[in-house]
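Peer 1: Take the given structure of chain A and dock chains B, C and D to it, following the hints.
There are 4 protein chains.
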Amino acid sequence: MWLRVSCSLAFDIETPTPFILMLRPRSGAEQWIELDEFKISLNVPIIEFTNHYGNLCQRFVAPTGSFSIYTTSDVKTSEFIDVDFDATFVEVQNLPSDILCYLLPSRYCESDRFNDLANSITANQQPGYQQVFAIKEWLKTNISYIPGSSDYPISATEVNYKRSGVCRDLSHLGIALCRSLSIPARMVVGYLHELYPMDMHAWFEAYIGGRWYTFDATQTGQKGGYVSVGYGLDAADVAIFNQFGPVAHSLQQSITVTEIKK
Amino acid sequence: MWLRVSCSLAFDIETPTPFILMLRPRSGAEQWIELDEFKISLNVPIIEFTNHYGNLCQRFVAPTGSFSIYTTSDVKTSEFIDVDFDATFVEVQNLPSDILCYLLPSRYCESDRFNDLANSITANQQPGYQQVFAIKEWLKTNISYIPGSSDYPISATEVNYKRSGVCRDLSHLGIALCRSLSIPARMVVGYLHELYPMDMHAWFEAYIGGRWYTFDATQTGQKGGYVSVGYGLDAADVAIFNQFGPVAHSLQQSITVTEIKK
Amino acid sequence: MWLRVSCSLAFDIETPTPFILMLRPRSGAEQWIELDEFKISLNVPIIEFTNHYGNLCQRFVAPTGSFSIYTTSDVKTSEFIDVDFDATFVEVQNLPSDILCYLLPSRYCESDRFNDLANSITANQQPGYQQVFAIKEWLKTNISYIPGSSDYPISATEVNYKRSGVCRDLSHLGIALCRSLSIPARMVVGYLHELYPMDMHAWFEAYIGGRWYTFDATQTGQKGGYVSVGYGLDAADVAIFNQFGPVAHSLQQSITVTEIKK
Amino acid sequence: MWLRVSCSLAFDIETPTPFILMLRPRSGAEQWIELDEFKISLNVPIIEFTNHYGNLCQRFVAPTGSFSIYTTSDVKTSEFIDVDFDATFVEVQNLPSDILCYLLPSRYCESDRFNDLANSITANQQPGYQQVFAIKEWLKTNISYIPGSSDYPISATEVNYKRSGVCRDLSHLGIALCRSLSIPARMVVGYLHELYPMDMHAWFEAYIGGRWYTFDATQTGQKGGYVSVGYGLDAADVAIFNQFGPVAHSLQQSITVTEIKK
Numbered sequence: 001m002w003l004r005v006s007c008s009l010a011f012d013i014e015t016p017t018p019f020i021l022m023l024r025p026r027s028g029a030e031q032w033i034e035l036d037e038f039k040i041s042l043n044v045p046i047i048e049f050t051n052h053y054g055n056l057c058q059r060f061v062a063p064t065g066s067f068s069i070y071t072t073s074d075v076k077t078s079e080f081i082d083v084d085f086d087a088t089f090v091e092v093q094n095l096p097s098d099i100l101c102y103l104l105p106s107r108y109c110e111s112d113r114f115n116d117l118a119n120s121i122t123a124n125q126q127p128g129y130q131q132v133f134a135i136k137e138w139l140k141t142n143i144s145y146i147p148g149s150s151d152y153p154i155s156a157t158e159v160n161y162k163r164s165g166v167c168r169d170l171s172h173l174g175i176a177l178c179r180s181l182s183i184p185a186r187m188v189v190g191y192l193h194e195l196y197p198m199d200m201h202a203w204f205e206a207y208i209g210g211r212w213y214t215f216d217a218t219q220t221g222q223k224g225g226y227v228s229v230g231y232g233l234d235a236a237d238v239a240i241f242n243q244f245g246p247v248a249h250s251l252q253q254s255i256t257v258t259e260i261k262k
Numbered sequence: 001m002w003l004r005v006s007c008s009l010a011f012d013i014e015t016p017t018p019f020i021l022m023l024r025p026r027s028g029a030e031q032w033i034e035l036d037e038f039k040i041s042l043n044v045p046i047i048e049f050t051n052h053y054g055n056l057c058q059r060f061v062a063p064t065g066s067f068s069i070y071t072t073s074d075v076k077t078s079e080f081i082d083v084d085f086d087a088t089f090v091e092v093q094n095l096p097s098d099i100l101c102y103l104l105p106s107r108y109c110e111s112d113r114f115n116d117l118a119n120s121i122t123a124n125q126q127p128g129y130q131q132v133f134a135i136k137e138w139l140k141t142n143i144s145y146i147p148g149s150s151d152y153p154i155s156a157t158e159v160n161y162k163r164s165g166v167c168r169d170l171s172h173l174g175i176a177l178c179r180s181l182s183i184p185a186r187m188v189v190g191y192l193h194e195l196y197p198m199d200m201h202a203w204f205e206a207y208i209g210g211r212w213y214t215f216d217a218t219q220t221g222q223k224g225g226y227v228s229v230g231y232g233l234d235a236a237d238v239a240i241f242n243q244f245g246p247v248a249h250s251l252q253q254s255i256t257v258t259e260i261k262k
Numbered sequence: 001m002w003l004r005v006s007c008s009l010a011f012d013i014e015t016p017t018p019f020i021l022m023l024r025p026r027s028g029a030e031q032w033i034e035l036d037e038f039k040i041s042l043n044v045p046i047i048e049f050t051n052h053y054g055n056l057c058q059r060f061v062a063p064t065g066s067f068s069i070y071t072t073s074d075v076k077t078s079e080f081i082d083v084d085f086d087a088t089f090v091e092v093q094n095l096p097s098d099i100l101c102y103l104l105p106s107r108y109c110e111s112d113r114f115n116d117l118a119n120s121i122t123a124n125q126q127p128g129y130q131q132v133f134a135i136k137e138w139l140k141t142n143i144s145y146i147p148g149s150s151d152y153p154i155s156a157t158e159v160n161y162k163r164s165g166v167c168r169d170l171s172h173l174g175i176a177l178c179r180s181l182s183i184p185a186r187m188v189v190g191y192l193h194e195l196y197p198m199d200m201h202a203w204f205e206a207y208i209g210g211r212w213y214t215f216d217a218t219q220t221g222q223k224g225g226y227v228s229v230g231y232g233l234d235a236a237d238v239a240i241f242n243q244f245g246p247v248a249h250s251l252q253q254s255i256t257v258t259e260i261k262k
Numbered sequence: 001m002w003l004r005v006s007c008s009l010a011f012d013i014e015t016p017t018p019f020i021l022m023l024r025p026r027s028g029a030e031q032w033i034e035l036d037e038f039k040i041s042l043n044v045p046i047i048e049f050t051n052h053y054g055n056l057c058q059r060f061v062a063p064t065g066s067f068s069i070y071t072t073s074d075v076k077t078s079e080f081i082d083v084d085f086d087a088t089f090v091e092v093q094n095l096p097s098d099i100l101c102y103l104l105p106s107r108y109c110e111s112d113r114f115n116d117l118a119n120s121i122t123a124n125q126q127p128g129y130q131q132v133f134a135i136k137e138w139l140k141t142n143i144s145y146i147p148g149s150s151d152y153p154i155s156a157t158e159v160n161y162k163r164s165g166v167c168r169d170l171s172h173l174g175i176a177l178c179r180s181l182s183i184p185a186r187m188v189v190g191y192l193h194e195l196y197p198m199d200m201h202a203w204f205e206a207y208i209g210g211r212w213y214t215f216d217a218t219q220t221g222q223k224g225g226y227v228s229v230g231y232g233l234d235a236a237d238v239a240i241f242n243q244f245g246p247v248a249h250s251l252q253q254s255i256t257v258t259e260i261k262k
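Protein chains in written order, with the UniProt record's numbering: chain A, 1 to 262; chain B, 1 to 262; chain C, 1 to 262; chain D, 1 to 262.
Just chain A, same shape as in the assembly:
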């Protein structure tokens, strides 16, 4: 299916402020970006670079005053996520070296503290896809998904205690549970077709059977329509914008996702 996605951001800055954006989706195994538009209403140098996790990031210093950012892309993505209950656990010794970092605990995914819970959730499952599927189902049943209920990231431990959270929070707990079973897991931020209320979305991927699979504890069935914008260990890595210095005022954010015909 073809989706047209867009993100509008507006800032009002009191002092010159360095920004790093992560808003340009990349073509990859799962999606093809046929059209990509990226407007920043500033006449300053903008440098684009690729970070550790393969994301395209944009750096610039915003001068005092207001400015806006607008990105839109036409993306070919799948109508359904890939599902394979037979995809097997990859032994640590057989993982590609550049996947190993997704086994470690990170800022919001204290995987070192979730081994018992993960074992109990996946007790009767085959190692691999079935384990992660059980984790996702457990999240759906046990952690209430309440969009808009928090403004800043909380960690897997806090999510597990609070028993509710936004998409980012459920992903953190899912990732921590996977990693505690030696299953590589990473955070994805991006767009999702028909998300309600519409916003940037977060989900997680687990590395099973030699590739990454999508898991989203906020959704039902195998519905697809995902557009990935950034990958990382957790929310610390995938902010769509990072600013350094005083917090910007009057931020507005508007997201759209529309199915189109091509």
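Errors might be hidden in some of the hints.
[As the list claims (entries may be wrong)] One side only, chain C facing chain A, incomplete, derived with CB under 10 angstroms:
#1 Ile20
#2 Asn51
#3 Glu91
#4 Ser155
#5 Asp234
[As the list claims (entries may be wrong)] Covered by chain C, according to a simulated footprint, are these stretches of chain D (three or more residues, beta-carbon under 8 angstroms):
#6 23-31
#7 35-41
Source of the hints: derived by calculation from the structure; they are not laboratory data. Glycine included, each C-beta is placed from N, C-alpha and C at the ideal position.
Peer 2: What follows is chains B, C and D alone, placed relative to chain A:
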């Protein structure tokens, strides 16, 4: 200045053929891609990856039959190339590690064979920008630029013997001469505003005074309007498409570069 | 000065267990490894790879039973750490792209929560080295260094609450405070001459004035004798060994550091 | 088998000269470096870095005068090279992205000019290992291996014309032939047990069936005892030392390889 650039390619394939494209310009220190469109008239998976030199490449297998590729971008670039006669030679020991590969000889730039010529061309020049400028001027005077005069890359040695060549050939000789003086140099393929006859273009960059500078022995003065699409050691690295297997028939290629207002 | 460092580890494994070691120090700007010995008493394939942070890591699967690891190196390092109170803060927009990851919060360094404390500690300091020096001094005064007082990493928030910790804990808090001021900071694990009691050690580095400087809140003055073995965002990245699966029994660890003449 | 390898170099320099060495073998899938010693008789800063191809390189500036370099390693390697006549050709579309660069022509391997010869040599072979084996056998039969017969690298085209060469030359032609068949191939420089006369050696590897295999047209049978020191596209990438500026005088080079018991 804002340029709208485009490239159309048409192929007719007799047998399923793997392709690697290098046709998506990247935003960087010198240019900003505000709009980027990339159409391939095939319904096959296309994987994008970043290669050694930071280029975005696209891989796919074209099935038997005909297909087309169309890319267009709106790019902000400079009206004039940067010129700095005071930019100094960077001693090898002070070069960043990832620049060192641009000192070595490569397929079409046998820099190991040009030390005498380079010394003679730059005899009275200050080390750095002035040396490379002298090399560029020498190329303009001594190697006739004849667009369309060759179909496949020839090496610096061959260009020096032949005394004429296309943009790619002049760049190869320029790069070989720079490297023989321990000045890192790389090939760039891309678009150039008002190039006549219009086509994909090639020029070279030299690393002086801590950054890359543009040199183009086919042009006069400080005229800008360059849009970089790919970087590499020489033409072997920056083909806008590589195909593997039997050569494709009926190739058509159409390039446009238009100044636009934004 | 020349140091001979060594690390002995002994394991007893109940089930085949994948290990990843980070025990081979690398030559770099600050140290030169003249001799390097690395013995593992197993006849299994061992693969070495370089991770995200430039560390040499070794992977293998240990079979059931006991085995030992022994590494020793002769290293040239400085007798005194570099100190430069004039080294200035690097604005975020001027940081190299590959340094930016050291600004983000990580598993044990919740830098997003320490801005007020960092500002209060560094209130009257010039941006840059003087700020980090003030942080280090504050750690020395306010957080008791108690070697051997904890077995597993705790985070900066926990360290700040507990008011005491091992070398790793003080580093976590130091890193979190630096990052909250937009100063890149990273964890280092390695050896330290005359550490008492002798053990593997941890300290932190801050990126100021275009390079990394060493800071160690557990030591006094400008004493050097550091040998770096691994770098990372925090303790999650720099374990000298990671094992996957059931915890190994009967672990023994012995560390030596001796000054030698060359 | 365990080998103790060593390399001694002596230089006499007329003017301060930047050097880049590639003399530290790395542990990897095929070899384990248990002991590694690296002495440079200079009191200057030496920086080690990892280059594009994963090699450990050492940079320094040698002052005027004489100095020596001595490296030795104890390495576990195989007594026999791996041979698998069933290892199959990997279609270009299935190659890992970071392998693709080994398909391109390079300074000394003009693979773009060898398609006809490669097809004729491998006419009746199964795609994959059998093709490369046929290339190696053809090299043994058709290109005389004359150790010490040349001092500087010549390219595949020149080797093919000259019909004789040193180990490096045979490798260049072998690599060019492989690449012309879309088989990734790379140059390896290193040590070989029982090489006569003893010297640094060069051979090539081809990527077949998902891994690299060793091929050496200068040797007979499946004899092993290889210790890899550097990898690259061709001899331009794997010089054990590169110097920049006037050529050094009085170079001496001494190589030893001895089997040891461990």
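Peer 1: Hints numbered earlier in the text: which of these fail when held up against the supplied structure?
Peer 2: Hint check: nothing fails, all pass.
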